[in-house]
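Undergrad: Residues per chain, in single letters:
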Amino acid sequence: MARLTRMHLGDILVVPIQEELHDTAAEETGEKIIREADNSNIKGVAIDISALDIVDSFLGRLLQKIAWGLRAMGKQVILVGIQPEVAVALVELGLYLEEINTAFELDSALEKLREMIDEDSR
Amino acid sequence: MKEEILRIPINKEIDVLIARREIKSEAERIGFRWIDQTRIATAVSELTRNIIKHAYRGEVIVNRDDGGIEIICRDEGPGIPDIEQALERGYSTTNSLGIGLIGAKHLMDDFEIESTDSGTKITTYKKLK
Amino acid sequence: MAKKDDGKEIERLRRENEEYKKLIEEMSEGFAFLEEDLSFSFSNPACDSIFGVTEGGLMGRNLVDFLSPESTKDVRKKIKVKKKDKKNVFETAIKTGDDKRRYLLIRSNPHFEEKNKFVGSFVFFYDITKRVRMEEELIFEKGLLSSLLNTIPDLIYFKDKESRFIKVSKSKADQVGRSIEEVVGSTDFDYFTEEHARPAYEDEQEIIKKGNPIEGKIEKETHPDGRVTWVSTTKIPRYDDKGNIIGILGISRDITEKRLWELQREEKMAAQKEELIELSTPVIDVWEGVITVPILGSLDSERASRVSEHLLTQIVEKRAGVAIIDISGISAVDSAVADRLIRTAKAVRLVGAEAILTGVGVEIAQTIADLGIDMGGLKTMSTLKDGLKYVISRKKTSVEEEKNG
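Listed in order, the protein sequences are those of chains Y, G and H.
Residue 36 in our numbering sits at position 35 of the first sequence, with consecutive numbering throughout.
Residue 877 in our numbering sits at position 118 of the second sequence, with consecutive numbering throughout.
Residue 444 in our numbering sits at position 363 of the third sequence, with consecutive numbering throughout.
Source of the hints: derived by calculation from the structure; they are not laboratory data.
Just so it is clear, CB atoms sit at the ideal spot from N, CA and C, and this is done for glycine as well.
One or more of the hints may lead you astray.
Per label pair, the in silico range of CB-to-CB distance [said to hold, decoys possible]: (1) Y:H9 with G:R780: 26 to 36 angstroms; (2) H:P305 with G:E763: 18 to 28 angstroms; (3) Y:E28 with H:S412: 45 to 55 angstroms; (4) H:S412 with Y:D108: 33 to 43 angstroms; (5) H:D467 with G:R816: 55 to 65 angstroms.
Listed below are the simulated DSSO-like cross-link pairs for lysine-lysine, each with C-alpha atoms no more than 30 angstroms apart in a straight line [what the hints assert, rightly or not]: (6) H:K251 with H:K223; (7) H:K339 with H:K301; (8) H:K460 with Y:K113; (9) H:K354 with G:K886; (10) G:K886 with H:K301.
Some chain Y residues flagged as far from chain G (calculated, every beta-carbon gap over 12 angstroms) [claimed, not checked]: (11) P17; (12) I43; (13) W69; (14) E99; (15) E106; (16) D121.
Bound-form chain Y, shown alone (with noise of 0.2 angstroms):
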């Protein structure tokens, strides 16, 4: 069971998922996200996927029930760091995931999860 490792900033919670994970690891993973984020503090939540190359149906439909919980929870989503190839292979599955926000980067996600928070806080 591999170690969630995550960042504070602010009121904004980092997730990089840095290894590949099986399908009940990364279940697990994603309930310990929600626990992490269950907390007032928080009002956004960037999961950082830019180590994955390999993104299958399994992962890509888990990451939408992560964020179908978040923002059930009130919070702000961002996907960060979807690789071409990992876009691709979710595309030719159907997984567009467009509830989802998604930004390259770190820092442009930051910057849009700042937008979201502050526009959802208006």
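Following the hints, put chains G and H in place on chain Y, whose structure we already have.
TA: Structure of chains G and H alone, referenced to chain Y:
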């Protein structure tokens, strides 16, 4: 001239990661473009996951010939009751098996499936362009 | 009294003489008596025929008349040689009376008077022309074969039923780094890796068993030092005069250079194809953070794949926030094409950029409407210019918002 280059047993979850990683490397070695390497690896991930989830045990056999790569996923599980239905996009919304099959079908160039109650064999092929 | 005995004796001698004469007349070997100056004082019919003259035509003629000037001195000397234990036998060439060239074996029995004065010789002549001709031909052909085997660049080899080398060309001997003689008795296994030698051996054994030749087979040869060569090989069975297969004849032409050239050309063509594809989907920077890719011609699934690849890597490389896909140059739009465009746009979004479709003129818009294609929220504009204007104006707005906000 077909030649077998890999044979990986699929018995536990982690074998899914091993199989897709190894096969992606092979695809690179053979000369597939990065986009096709990922497609192949993702298809392997889908099919081997199906083996773990529904048949518990099986194997992946990788053959290569001058035209590309052939990936065969075999198991001795209970089989797929209604293949046609499983491959229909509409039906697959709740069925992960179907999603895996459809996904693999789209990612690869050729896709053939034989399934009886004593096992399933899925033969896929990706052309080297 | 002696008279009667003498008569019987004379009769006997006369009869003997007749018999000898008959023997000499009828024998097939040429027989003659040559005087001290080598002129014929007697010759039998066989001798006349050997020398190409009519019967009795040698009388008064000289042996020297039939010899070449170069051999005259030699023959004169040899005729007179008396060997103690051995027979005096030698060969020479003559030009016959009817202008033919013949080879003769001469056996000479010279006679001498006191003080070793040569007075003449009983000579047997044997016509050995046929044998000499055959020998000459054999030597000539051997010379031709040697010439061929020494100079031909193709690899030629004769093998026996166990696939052992019997004779090889110099080129073949050089190929395996040995002399022609050293190669005799060895096999392919002595010079090549098992990977090459085994199938070659099996091919040969198959030919020896069934008699079916192999023609123009392209083989890859791996030498133990790692060198790789390519050859085009023809192997045919060899027969003895009874029609049994006794081995094979192999001819291999080195085509390494040709093959390398072919492989290079294939690589070059593949590279050119790549280049062409890259060229046909150029990605252009039009503004900071905005790139555009024009789609020209058809968009089949292969092209769409390439466009996606190229576009996505460029977006990442150039940190583009907007990708404008211009389809004003596209040849046709149907649901499959629209599907691919939409998918490309969705992949663009996943890597964090925004996709805008431009070049959607009236006709294409109509087609999309007619086919009932759902563009899935993808922004479409009729010209590239419109697309750019839109992007720029949006940037302006956000800058203003920042100012005001």
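Undergrad: Against this structure, judge whether each hint is valid.
TA: Hint-by-hint comparison with the structure:
no., hint, in the structure
1, Y:H9 with G:R780: 26 to 36 angstroms, "32 angstroms, holds"
2, H:P305 with G:E763: 18 to 28 angstroms, "27 angstroms, holds"
3, Y:E28 with H:S412: 45 to 55 angstroms, "47 angstroms, holds"
4, H:S412 with Y:D108: 33 to 43 angstroms, "41 angstroms, holds"
5, H:D467 with G:R816: 55 to 65 angstroms, "58 angstroms, holds"
6, H:K251 with H:K223, "15 angstroms, holds"
7, H:K339 with H:K301, "13 angstroms, holds"
8, H:K460 with Y:K113, "21 angstroms, holds"
9, H:K354 with G:K886, "16 angstroms, holds"
10, G:K886 with H:K301, "25 angstroms, holds"
11, P17, "18 angstroms, holds"
12, I43, "30 angstroms, holds"
13, W69, "15 angstroms, holds"
14, E99, "16 angstroms, holds"
15, E106, "20 angstroms, holds"
16, D121, "30 angstroms, holds"
Of the numbered hints stated above, none is contradicted by the structure.
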